[in-house]
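With these hints in hand, go ahead and build the complete structure from the sequences.
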Amino acid sequence: METQRVKEDRKREWWNSFSVKILGMVLSGILLIAITVSCMVLGMSKNVFTETYGRSQEKVFLQVEEEWNAFHENLQNITNAIDSSWAFRLYLTEGDRFDNVRTFQNIYQMEKDLEQSKASDLERLNILVMGIGGKHYLSRTETITATDQEIWNSRPVLLAVQEPEVLHYTYSHGAYTATGRDTDVIIVSKALYYHESKEIYGVVLITLTMDELKRYYDYFITDNTNMYLVDEENRIICSGDASKIGTIADSAWYIRAGETDRELFRMRENGVSLTVMQRELQYLGCRLYGVIDNDMALGRLYNMPLLILLCAALGAMILLLCLIYTRKTLRPLSELVQRMGRLRQGDFDQYMPVEGTTEVQELASTYNYMLDDLQSYINELLETQKARRRSEIKALQMQINPHYIYNTLASIKWLVYQNDRDRTVQTIDAFISLLRNTISNTDEFITIDQEVQNLENYILINHTRYGDAVQVEFYVSQNCRDCLLPKMILQPFVENAFFHAFPSGRSGSIEIYMKQREGELEIRIVDDGIGMEQNRVEEAVKQAGNREHFSGIGIHNVQERLELLYGKQYGVSINSSPKEGTEVLIRLPANHKEEGEDHEE
Amino acid sequence: MKNSKNRFSRKIAAVFLAGLLLTGTGCGRQTVTGSENYQENEIIIWTWDETFNVKAAKMAAEIYEEEHPEVSIQVITKEREEIQTDVKNLLSAELYDNLPDIIMLEDYDVQEMLAQFDDEFVDLTDRLNYDKFVDYKRKLCSRGGRMYGIPFDSGTAALFYRIDLLEQAGYTEADMQDLTWERYVEIGEDVYRKTGIPMLTLDPTDFPLVRVIMQSCGSWYVREDGVTVDIADNEALYQAMEIYRQLLESNVGRSVNGWNEFISAFQQGEVASVISGGWIISSIKARPEQKGLWRIAPIPVVTENDNAVAASNVGGSGWYVLKNSAHSEAAAQFAVSMFGENDALLDQLINRIGIVPAVKEPSVLTNYDTPDPFFGGQQVTRLLTGLETRIPVVNYGSKTYEIEDILETEFQNVLVDDDLETCLHRVQEKAEAVARE
Chain A
1 METQRVKEDR
11 KREWWNSFSV
21 KILGMVLSGI
31 LLIAITVSCM
41 VLGMSKNVFT
51 ETYGRSQEKV
61 FLQVEEEWNA
71 FHENLQNITN
81 AIDSSWAFRL
91 YLTEGDRFDN
101 VRTFQNIYQM
111 EKDLEQSKAS
121 DLERLNILVM
131 GIGGKHYLSR
141 TETITATDQE
151 IWNSRPVLLA
161 VQEPEVLHYT
171 YSHGAYTATG
181 RDTDVIIVSK
191 ALYYHESKEI
201 YGVVLITLTM
211 DELKRYYDYF
221 ITDNTNMYLV
231 DEENRIICSG
241 DASKIGTIAD
251 SAWYIRAGET
261 DRELFRMREN
271 GVSLTVMQRE
281 LQYLGCRLYG
291 VIDNDMALGR
301 LYNMPLLILL
311 CAALGAMILL
321 LCLIYTRKTL
331 RPLSELVQRM
341 GRLRQGDFDQ
351 YMPVEGTTEV
361 QELASTYNYM
371 LDDLQSYINE
381 LLETQKARRR
391 SEIKALQMQI
401 NPHYIYNTLA
411 SIKWLVYQND
421 RDRTVQTIDA
431 FISLLRNTIS
441 NTDEFITIDQ
451 EVQNLENYIL
461 INHTRYGDAV
471 QVEFYVSQNC
481 RDCLLPKMIL
491 QPFVENAFFH
501 AFPSGRSGSI
511 EIYMKQREGE
521 LEIRIVDDGI
531 GMEQNRVEEA
541 VKQAGNREHF
551 SGIGIHNVQE
561 RLELLYGKQY
571 GVSINSSPKE
581 GTEVLIRLPA
591 NHKEEGEDHE
601 E
Chain B
1 MKNSKNRFSR
11 KIAAVFLAGL
21 LLTGTGCGRQ
31 TVTGSENYQE
41 NEIIIWTWDE
51 TFNVKAAKMA
61 AEIYEEEHPE
71 VSIQVITKER
81 EEIQTDVKNL
91 LSAELYDNLP
101 DIIMLEDYDV
111 QEMLAQFDDE
121 FVDLTDRLNY
131 DKFVDYKRKL
141 CSRGGRMYGI
151 PFDSGTAALF
161 YRIDLLEQAG
171 YTEADMQDLT
181 WERYVEIGED
191 VYRKTGIPML
201 TLDPTDFPLV
211 RVIMQSCGSW
221 YVREDGVTVD
231 IADNEALYQA
241 MEIYRQLLES
251 NVGRSVNGWN
261 EFISAFQQGE
271 VASVISGGWI
281 ISSIKARPEQ
291 KGLWRIAPIP
301 VVTENDNAVA
311 ASNVGGSGWY
321 VLKNSAHSEA
331 AAQFAVSMFG
341 ENDALLDQLI
351 NRIGIVPAVK
361 EPSVLTNYDT
371 PDPFFGGQQV
381 TRLLTGLETR
391 IPVVNYGSKT
401 YEIEDILETE
411 FQNVLVDDDL
421 ETCLHRVQEK
431 AEAVARE
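Protein chains in written order, with the working numbering: chain A, 1 to 601; chain B, 1 to 437.
Hints in this document: simulated from the structure, not taken from any laboratory. Here a beta-carbon is modelled for each residue, glycine too, at the ideal position from N, C-alpha and C. Hints may be right or wrong, so weigh each one.
[Said to hold, decoys possible] Only some residues are given here: those of chain A computed to face chain B with a beta carbon under 8 angstroms:
(1) Val101
(2) Thr103
(3) Gln105
(4) Ile107
(5) Tyr108
(6) Met110
(7) Glu111
(8) Arg124
(9) Tyr137
(10) Leu138
(11) Thr141
(12) Glu142
(13) Thr143
(14) Ile144
(15) Tyr367
Below is the structure:
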């Protein structure tokens with residue numbers, strides 16, 4: 001439960017963070033711009049492309065139209081040449097009347113006449129000329145496979161006879177000669193007739209295979225562009241799409257083209273955008289159509305996967321740059337957040353380096369100023385508090401418990417009653433010295449020697465009052481005799497040992513060791529009394545406050561006092577074990593009394 | 001503020017850059033025009049003559065397809081000149097997509113094609129044992145010591161005649177043996193007088209007869225080197241033209257126009273004989289009702305010429321594989337295994353189309369001595385291959401038809417002013433211009 005909530009919190013925090021928000025905005029911005037710009041550009045260029053592509057294809061289409069017309073003209077030339085050639089006319093009508101040599105010459109003349117009329121690219125045309133009397137002329141080295149009857153009854157010939165003035169273009173599967181027997185062909189037919197009487201004496205049949213025709217339109221044909229030549233009966237007689245040849249045109253674009261007289265229009269058929277061009281080829285008696293599949297042409301134009309990939313790559317690049325940049329900008333801010341956290345825990349040393357953008361620099365320096373102010377206020381406050389406490393303790397230090405005075409005086413009175421003059425004087429001297437050192441000497445610090453003297457006086461009085469079952473020994477090393485220590489800090493421990501370590505008149509000894517080591521003053525107060533459990537030491541220290549003391553200082557505030565004076569690293573530690581005794585260790589910095597300075601009155 | 005502005009402008013720049021790149025890539029692409037390709041593994045063969053070459057190719061295709069189901073073979077009938085011009089056009093334009101894989105070339109055209117497109121044909125030297133073919137055919141398809149193409153039919157010339165028509169005029173089979181041209185004309189005049197039927201056809205636009213006579217005398221339009229024009233002083237040509245004129249003027253040779261009439265004339269009994277290559281047998285046999293009416297004899301010889309023999313060649317052909325076609329390698333394998341090494345097929349072809357094999361040892365073929373009832377039981381193949389070895393070898397050069405065109409034109413003048421010698425001199429001049437490389 002707990003961890004989940006933490007997780008959720010962290011998640012919320014992450015979503016809420018500055019960089020995530022910026023990145024989110026940038027990402028959506030990029031997407032928005034990329035999509036709109038792409039759509040716009042695509043849409044625009046699609047129109048422009050369709051327009052220009054259509055237009056350029058229209059030019060090509062016009063060229064196809066021209067080619068067809070030029071081709072027609074060439075064929076016309078050939079039929080005209082045959083028509084006006086006397087050699088042909090003689091051969092077809094009265095060839096048998098000549099002798100062999102004349103025929104030989106005549107045939108040669110026919111060949112020459114025809115040769116001259118052929119355009120250079122139509123040299124190998126399949127031209128069949130038939131006379132009404134059954135004479136044949138075939139321009140190529142092959143044989144006629146159809147019978148005369150079949151030829152005369154074929155559609156091209158019938159059309160030519162019907163309308164002898166013009167060339168007829170007829171689609172046919174299979175022609176009259178061996179080479180065209182099994183293929184799609186266009187047969188161009190023209191009747192030969194006497195111009196006056198209109199009597200027909202022959203017919204010219206030019207067979208064109210689809211392969212031959214290809215060169216007149218092949219350059220127009222692409223995967224997305226096609227050409228259709230449609231005759232008057234709606235039959236497709238020639239097309240780039242071989243499967244359509246010979247079929248009846250019935251697609252939507254064809255019907256639409258029939259309805260409109262526009263030479264170029266756009267339409268949709270089965271969801272495909274088409275540009276359709278149409279021209280009437282008057283000489284051929286056919287209509288020429290160019291159909292462009294715009295979508296396919298466009299598909300060729302745009303490489304969608306590449307486009308998307310490019311967008312994604314650029315987007316990722318921009319995002320990465322943004323990420324790096326915002327990270328860089330925001331790093332000082334997040335550091336500030338961390339430092340402020342530590343600040344709350346009381347560490348006032350969390351200054352910010354002044355760097356990054358202007359705003360962040362401003363923020364950092366303001367924060368630093370604030371930190372300075374805060375720190376000086378707190379220091380001031382601490383100082384005041386310390387001073388107050390010090391004066392309090394000083395006051396306590398200088399107090400002597402009145403009970404102690406009564407009791408001591410009562411003991412002295414008892415000595416006087418016993419007439420023990422020496423001890424009386426001794427005790428009164430000790431008491432006087434103690435009082436003077438405590439009350440009259442206003443110095444806070446005294447030397448070890450003085451403190452030892454005070455303790456000896458105090459012990460003497462104690463011995464007077466309670467008997468000398470407890471002996472106290474001092475072991476003071478020479479190098480620390482002139483060390484300074486706060487007044488009255490050892491007395492409470494000695495007092496404590498006297499009264500608690502040796503209950504009900506038990507005898508024993510207290511040993512006090514003082515020495516200086518590595519700049520520290522180490523004082524040990526060791527008794528061989530009853531001791532206690534280590535875990536009860538704390539409690540015992542607290543209880544010690546309730547009892548009658550010599551002065552306002554008890555073991556409970558010695559620690560506080562030392563801390564106030566020297567800092568946390570110094571202080572008191574107590575080790576005790578039952579039936580073995582207690583050892584008190586006091587550690588202070590070793591400050592020697594300076595020469596000439598006198599703490600005594 | 002400055003920073004954020006900066007970032008925004010950078011972003012805009014990036015988006016525009018992206019846009020630019022996109023339109024840039026759009027413009028760079030080209031639409032590819034799909035050219036019409038033939039089916040995968042489909043070998044395309046262009047050849048002519050439906051009764052002969054086309055039939056042979058289709059037979060070979062059938063056998064090969066059965067053995068190699070992954071290969072399909074399409075035989076397309078085209079006109080001889082058309083094949084040559086189309087292939088020339090495609091090769092010079094390097095439109096290899098539309099090339100056929102195998103083409104047939106007539107022997108006269110081979111050298112011209114090989115010279116003009118020296119790196120377009122598959123070199124078959126090491127794939128085929130050329131020793132089996134007769135020398136003159138082997139020579140025809142070689143260039144620079146390398147062999148291209150596979151010799152097909154030999155084109156051995158012979159006299160094919162209608163025994164029934166000749167018998168009507170009183171001639172027998174024996175009369176048609178060991179003929180001289182004088183005798184042939186004589187018989188022809190007699191036949192025409194008696195039956196009204198001429199002996200053979202003459203086409204003013206094609207002189208195969210001239211070529212037959214010339215080669216029978218070991219001579220050609222060009223000399224041995226294939227380049228030097230040899231017309232004005234060519235005795236054999238002069239004699240051939242003289243014979244030609246005689247045939248024409250005496251009505252022994254009937255004027256016809258074009259291939260179609262040439263074929264239909266003998267098919268319909270309008271002439272009593274044909275002097276042509278062995279390949280004509282298939283066209284003769286196309287009329288089954290004339291079975292038994294035909295006979296074969298060696299061609300007449302030119303008496304005045306010492307080199308003359310009764311054997312010649314006309315219009316044989318061979319198969320050539322195009323190097324840069326779509327399935328060149330498959331086609332080469334097909335051609336070699338069928339037309340190069342397959343004796344069984346050759347055997348069948350003798351039977352079916354009457355091919356005169358261009359091999360040195362035709363006697364190994366089963367159908368070699370088979371009597372042909374169509375020709376009154378004559379052993380046609382044996383007879384023709386017998387003639388084959390006697391054919392004088394000539395170098396056709398590469399300008400045969402160009403020179404012949406000139407000859408045809410000038411011959412028209414001979415018919416008017418009657419001077420053959422001047423005519424041949426004029427032809428010599430013009431032909432030299434044409435033949436100069």
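Here is what the structure says about each hint:
no. : hint   : in the structure
1   : Val101 : holds, 6 angstroms
2   : Thr103 : holds, 4 angstroms
3   : Gln105 : holds, 6 angstroms
4   : Ile107 : holds, 4 angstroms
5   : Tyr108 : holds, 4 angstroms
6   : Met110 : holds, 7 angstroms
7   : Glu111 : holds, 5 angstroms
8   : Arg124 : holds, 5 angstroms
9   : Tyr137 : holds, 6 angstroms
10  : Leu138 : holds, 4 angstroms
11  : Thr141 : holds, 4 angstroms
12  : Glu142 : holds, 5 angstroms
13  : Thr143 : holds, 5 angstroms
14  : Ile144 : holds, 5 angstroms
15  : Tyr367 : violated, 21 angstroms
Hint 15 from the list above is the single one not met by this structure.
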